[in-house]
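Engineer: The chain contents come next:
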Amino acid sequence: MSEGMLSFAIFFAAIFTNNILLTNYLGMCSFLSVSREVKTSVGLGFAVTFVMAVTSVLNYLAYYYILVPFNIEYLRYIVFIVIIAAFVQIVEMIIERVSDTLYLSLGIFLPLITVNCAILGVSLFMVIREYSLLSSFAYGFGSGIGWFLAILAMAGIRQKTSRARIPRGLEGAGIALIIAGIMALAFMGFSGMIDIN
Amino acid sequence: MLSELLITVIIITALTTFLALIMVIADRTIANYGQQEITINGEKKIVVDGGKPLLSSLKEKQIFIPSACGGKGSCGLCKIQVNSGAGEYLPTELPWIDPREREKNIRLSCQVKVKKPFDITIPRELFNIKQYKTAVESLVDLTHDIKQVTLKLENSEGISFKAGQFIQFEVPLYEMTDEPVYRAYSISSPPSRKDAVELEIRYVPDGLCTTYVHKYLKEGQKVMINGPYGDFFLRDSQRDIVCIAGGSGMAPIKSILLDMNEKKINRKAVYFFGARSKRDLFLVEEMQRLEKELPDFRFIPSLSQPEESDSWEGETGLITECVEKHVKNGENAEAYLCGSPGMINACVDVLTNRCGVKKDLIFYDKFS
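If you're matching them up, the sequences are chains A and B in order. Letter by letter, the first sequence follows residues 1 to 197 in the working numbering. Letter by letter, the second sequence follows residues 1 to 368 in the working numbering.
The hints are simulated quantities; they were obtained by calculation from the structure and are not laboratory data. Think of the CB as a built atom: it goes at the ideal place given N, C-alpha and C, for glycine as much as any other residue. All the pointers check out, no bait thrown in.
A few chain A residues that face chain B, going by a derived Cβ cut-off under 8 Å, partial list only: (1) 70; (2) 75; (3) 82; (4) 93.
Not the full set, but computed from the structure, chain B residues with beta-carbon under 10 Å of chain A: (5) 12; (6) 20; (7) 23; (8) 51; (9) 88.
Computed spacing ranges between beta-carbons, pair by pair: (10) B:84 with A:178: 47 to 53 Å; (11) B:117 with A:156: 42 to 48 Å; (12) B:352 with A:164: 38 to 44 Å; (13) B:29 with A:29: 29 to 35 Å.
Whenever a hint applies, use it, and build me the whole structure from the sequences.
Structural biologist: Here's what the structure looks like:
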């Protein structure tokens, strides 16, 4: 497979077969807490997609051009986290400055993302699976879209279940986790399509 | 081995310094909104550093807007009218703003950031609010869980307030807080005492301020307060006065009664105080002294669950039952209530529906 084709396959796999949320169960806390309404989940979804796509590239550069040459790959956890946090901070500042409407729909979610483990997960998987720069970008972007799809579907379902009669002990997080589990099973249906492990 | 360590340290230091540098530059350029002008009530103009919340910008200029949570957007008290400059409503403001307030451009000042010139309208009496440095003069246990805290003001001119108003107590950084927080407490001393304020603070398990006061505060320690705030004070009229309080709700009522005594206001007054058992009662002697000094004042404490050992002969039962039994001619009375929301709601109900007190003549100070 050519580099371009491979990256496209990875992009596709990150959305469906290897959905970071539903197969790796990463990024669950914001997935559960911000999926009550479709509108807010769309805002968060966009923010996550954007940050994942860009930080996967930034972390790729930091890893292969700083950590590997000096033989200090074991520091990647700290370095990745710091880079993600700094990037998110700066993006928040820029959005706040440029547009009030964008800030209202996107900016308020950015602080939540700083500590989202799915974003760190993308950078770590990219290193473990030894992706190229293009593939890393495709993987980050695809994972973001996959996460977006999952939270969007979840928010749609939860808007319906908010009016349903749910057994008392299962209200809130309980039923949400069960729904997430069933969604993960549904996404397993794609698993024969591509394999990127 | 050593060189490896050294390289690691150098790389990490360089990387974090680089990122920190970018953040500092971004902070100075992107997040720098320069100096912004705030016009207050169309006359006074102040200049503040842009980009900060309106509440703290005003505070820096010694204009204090009442706020109980200290700017977290969780109490909804710091509302002010912003005529221009604030932009769209933020999602964090909306839960506190009703449609009528929206028409008047009422905003939550702790959430709105000053990024453009602002034009705001604030009530005149807020200009009277100041920040005071104080030192703890005395700490006295009134009951097993209520402390009387006397704070001596360090400035020479003292504080002027109306009996019944409250101040905000600044809790500094300590084990339970990661930033200074503010909590509101009523003043229990009379306004004639200008050099100090006396507070009555009940211990609430895990309460940030109450734990600080009960477990950490020592005599001589410095405390910052600001105030006075609130529209809970004695109205000027000839009506009878009904006061109702529970627990540390004693504080503002005590201030009002002492003030009446000093000013020789001889209106007919009755004060119902609700407590669980005798160990929750306090300042009874002081109230009995006031009964003698004021010409027409009665103090009626009522215990809801007196212990056998209390040998209590006074009123028993819920405070609402006691009020219903004793308040006659409610149409000619005004009421002052201070205590928990549950107690106040129940008392307002009894006063309006059973005793005939007009609803707009019931004033209250709800703990929240």
